[in-house]
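Trainee: In case you want the letters, here they are:
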Amino acid sequence: RKEVEQDPGPFNVPEGATVAFNCTYSNSASQSFFWYRQDCRKEPKLLMSVYSSGNEDGRFTAQLNRASQYISLLIRDSKLSDSATYLCVVNSYNFNKFYFGSGTKLNVKP
Amino acid sequence: ETGVTQTPRHLVMGMTNKKSLKCEQHLGHNAMYWYKQSAKKPLELMFVYSLEERVENNSVPSRFSPECPNSSHLFLHLHTLQPEDSALYLCASSQVEGTDTQYFGPGTRLTVL
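Which chain is which? The protein sequence lines are A and B, in order. Read in order, the letters of the first sequence correspond to residues 1 to 110 in the numbering used here. Read in order, the letters of the second sequence correspond to residues 1001 to 1113 in the numbering used here.
Next comes chain A alone, as it looks inside the complex:
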């Protein structure tokens, strides 16, 4: 079983739509959680960390459910510029090791 699993998509949504991605992780001892964004042929960039209490940054909301071992990312009022691949990342029991999901591709259409 993979450490981190994501729906690869693609999610094709119109501008202004709300879209949600989920990600599941296998290690219950996982310590920290992140969402990254990766544009085509570019490096992954941190979008936001995910805290147990949930956190929001503008149009983006991240949630963590430790009991069910999943994290989610909600994007409201989608913009064309949100088109990218979103990577779920989990830092497990070993602080040196980060587990990346395979990414969920989002296409926002005009």
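Treat each hint with caution, since some may be false.
Mimicking DSSO-like on lysine-lysine, the simulated pairs with C-alpha atoms at most 27 angstroms apart in a straight line are [unchecked claim]:
{"hint": "1", "chain 1": "A", "residue 1": "42", "chain 2": "B", "residue 2": "1018"}
{"hint": "2", "chain 1": "A", "residue 1": "79", "chain 2": "A", "residue 2": "45"}
{"hint": "3", "chain 1": "B", "residue 1": "1022", "chain 2": "A", "residue 2": "79"}
{"hint": "4", "chain 1": "A", "residue 1": "79", "chain 2": "A", "residue 2": "2"}
{"hint": "5", "chain 1": "B", "residue 1": "1022", "chain 2": "A", "residue 2": "45"}
{"hint": "6", "chain 1": "B", "residue 1": "1022", "chain 2": "A", "residue 2": "97"}
{"hint": "7", "chain 1": "B", "residue 1": "1036", "chain 2": "A", "residue 2": "2"}
{"hint": "8", "chain 1": "B", "residue 1": "1019", "chain 2": "B", "residue 2": "1040"}
{"hint": "9", "chain 1": "A", "residue 1": "97", "chain 2": "B", "residue 2": "1040"}
{"hint": "10", "chain 1": "A", "residue 1": "97", "chain 2": "A", "residue 2": "2"}
{"hint": "11", "chain 1": "B", "residue 1": "1018", "chain 2": "A", "residue 2": "79"}
{"hint": "12", "chain 1": "A", "residue 1": "42", "chain 2": "A", "residue 2": "2"}
{"hint": "13", "chain 1": "B", "residue 1": "1036", "chain 2": "A", "residue 2": "105"}
{"hint": "14", "chain 1": "A", "residue 1": "109", "chain 2": "A", "residue 2": "42"}
{"hint": "15", "chain 1": "B", "residue 1": "1036", "chain 2": "B", "residue 2": "1019"}
{"hint": "16", "chain 1": "B", "residue 1": "1022", "chain 2": "A", "residue 2": "42"}
{"hint": "17", "chain 1": "A", "residue 1": "109", "chain 2": "B", "residue 2": "1019"}
{"hint": "18", "chain 1": "A", "residue 1": "2", "chain 2": "B", "residue 2": "1022"}
{"hint": "19", "chain 1": "A", "residue 1": "45", "chain 2": "B", "residue 2": "1040"}
Pair ranges (Cβ atoms, derived) [said to hold, decoys possible]:
{"hint": "20", "chain 1": "A", "residue 1": "67", "chain 2": "B", "residue 2": "1109", "range": "39 to 47 angstroms"}
{"hint": "21", "chain 1": "B", "residue 1": "1007", "chain 2": "A", "residue 2": "67", "range": "39 to 47 angstroms"}
{"hint": "22", "chain 1": "B", "residue 1": "1065", "chain 2": "A", "residue 2": "9", "range": "32 to 40 angstroms"}
{"hint": "23", "chain 1": "A", "residue 1": "15", "chain 2": "B", "residue 2": "1079", "range": "47 to 55 angstroms"}
{"hint": "24", "chain 1": "B", "residue 1": "1095", "chain 2": "A", "residue 2": "52", "range": "18 to 26 angstroms"}
{"hint": "25", "chain 1": "B", "residue 1": "1028", "chain 2": "A", "residue 2": "51", "range": "19 to 27 angstroms"}
{"hint": "26", "chain 1": "B", "residue 1": "1022", "chain 2": "A", "residue 2": "5", "range": "31 to 39 angstroms"}
{"hint": "27", "chain 1": "A", "residue 1": "18", "chain 2": "B", "residue 2": "1095", "range": "28 to 36 angstroms"}
{"hint": "28", "chain 1": "B", "residue 1": "1070", "chain 2": "A", "residue 2": "45", "range": "21 to 29 angstroms"}
{"hint": "29", "chain 1": "A", "residue 1": "66", "chain 2": "B", "residue 2": "1015", "range": "45 to 53 angstroms"}
{"hint": "30", "chain 1": "B", "residue 1": "1069", "chain 2": "A", "residue 2": "68", "range": "38 to 46 angstroms"}
{"hint": "31", "chain 1": "A", "residue 1": "2", "chain 2": "B", "residue 2": "1039", "range": "31 to 39 angstroms"}
{"hint": "32", "chain 1": "B", "residue 1": "1083", "chain 2": "A", "residue 2": "56", "range": "39 to 47 angstroms"}
{"hint": "33", "chain 1": "A", "residue 1": "20", "chain 2": "B", "residue 2": "1059", "range": "50 to 58 angstroms"}
A few chain A residues that face chain B, going by a derived Cβ cut-off under 10 angstroms, partial list only [claimed, not checked]:
{"hint": "34", "residue": "11"}
{"hint": "35", "residue": "32"}
{"hint": "36", "residue": "41"}
{"hint": "37", "residue": "42"}
{"hint": "38", "residue": "45"}
{"hint": "39", "residue": "49"}
{"hint": "40", "residue": "56"}
Hints in this document: simulated from the structure, not taken from any laboratory. A quick note: this is a predicted structure, and the numbers were derived from the prediction, not measured. Note that CB positions come from ideal geometry on N, CA and C, so glycine has one too.
Knowing the structure of chain A, use the given hints to seat chain B on it.
Mentor: Frame of chain A; chain B shown alone:
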């Protein structure tokens, strides 16, 4: 502006060449990583250095040889590569203590002819 730089940004090499990729981080981190990302595939962790010691080697072929002379610099030495080694090679750094995340360099896009 990222605190992790990589050179060169693009590299084309033949199968018999020897080349090196360089990564430098300016974030004061003490762990550095090499990842490989092939077209339309997820990131693959290759090597991890923590406090300048290699702590992870994910069964990477010996034609890839990492070097970490200090906590700010990381190299990936390449020799007798294969065309299937063509990919984006990403360097990242993080702080071992705590739960901070990784920061990536812009990558080296490698093409092996």
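Trainee: Does 31 to 39 angstroms hold as the CB distance between residue 2(A) and residue 1039(B), or does it fail?
Mentor: The hint (31 to 39 angstroms, Cβ to Cβ) is violated, given that residue 2(A) and residue 1039(B) are roughly 20 angstroms apart.
Trainee: For residue 109(A) and residue 1019(B), compute the direct alpha-carbon distance and say whether it is at most 27 angstroms.
Mentor: Roughly 42 angstroms between the alpha carbons, so the hint for residue 109(A) and residue 1019(B) is violated.
Trainee: Is 39 to 47 angstroms a correct range for the gap between the Cβ atoms of residue 1007(B) and residue 67(A)?
Mentor: The hint (39 to 47 angstroms, Cβ to Cβ) holds, given that residue 1007(B) and residue 67(A) are roughly 45 angstroms apart.
Trainee: Mind checking the alpha carbons of residue 1036(B) and residue 1019(B) for me, to see if they're no more than 27 angstroms apart?
Mentor: holds, 16 angstroms
Trainee: Within 27 angstroms, alpha carbon to alpha carbon, are residue 1022(B) and residue 97(A)?
Mentor: With a Cα-Cα distance of about 21 angstroms, the restraint between residue 1022(B) and residue 97(A) holds, given a limit of 27 angstroms.
Trainee: Given the hint that residue 2(A) pairs with residue 1022(B), does the C-alpha gap stay at or below 27 angstroms?
Mentor: At roughly 30 angstroms apart (the allowed maximum being 27 angstroms), residue 1022(B) and residue 2(A) break the hint.
Trainee: Take a quick look at whether residue 42(A) and residue 2(A) sit within 27 angstroms of each other, Cα to Cα.
Mentor: holds, 24 angstroms
Trainee: Can you confirm whether the C-alpha distance between residue 1036(B) and residue 2(A) stays at or below 27 angstroms?
Mentor: OK: residue 1036(B) and residue 2(A) at ~18 angstroms, within 27 angstroms.
Trainee: Using the nearest Cβ pair, does residue 56(A) come within less than 10 angstroms of chain B?
Mentor: Hint violated; residue 56(A) Cβ to chain B Cβ min 18 angstroms, cut 10 angstroms.
Trainee: Would you check the hint for residue 1019(B) and residue 1040(B), treating anything up to 27 angstroms between C-alpha atoms as holding?
Mentor: holds, 25 angstroms
Trainee: Using the beta carbons of residue 67(A) and residue 1109(B), state whether their distance is inside 39 to 47 angstroms or not.
Mentor: At 42 angstroms between Cβs, range holds.
Trainee: When you check the alpha-carbon spacing of residue 79(A) and residue 2(A), does it fall within 27 angstroms?
Mentor: violated, 31 angstroms
Hint check: violations occur at hints 3, 4, 11, 17, 18, 31, 33, 34 and 40; the rest are consistent with the structure.
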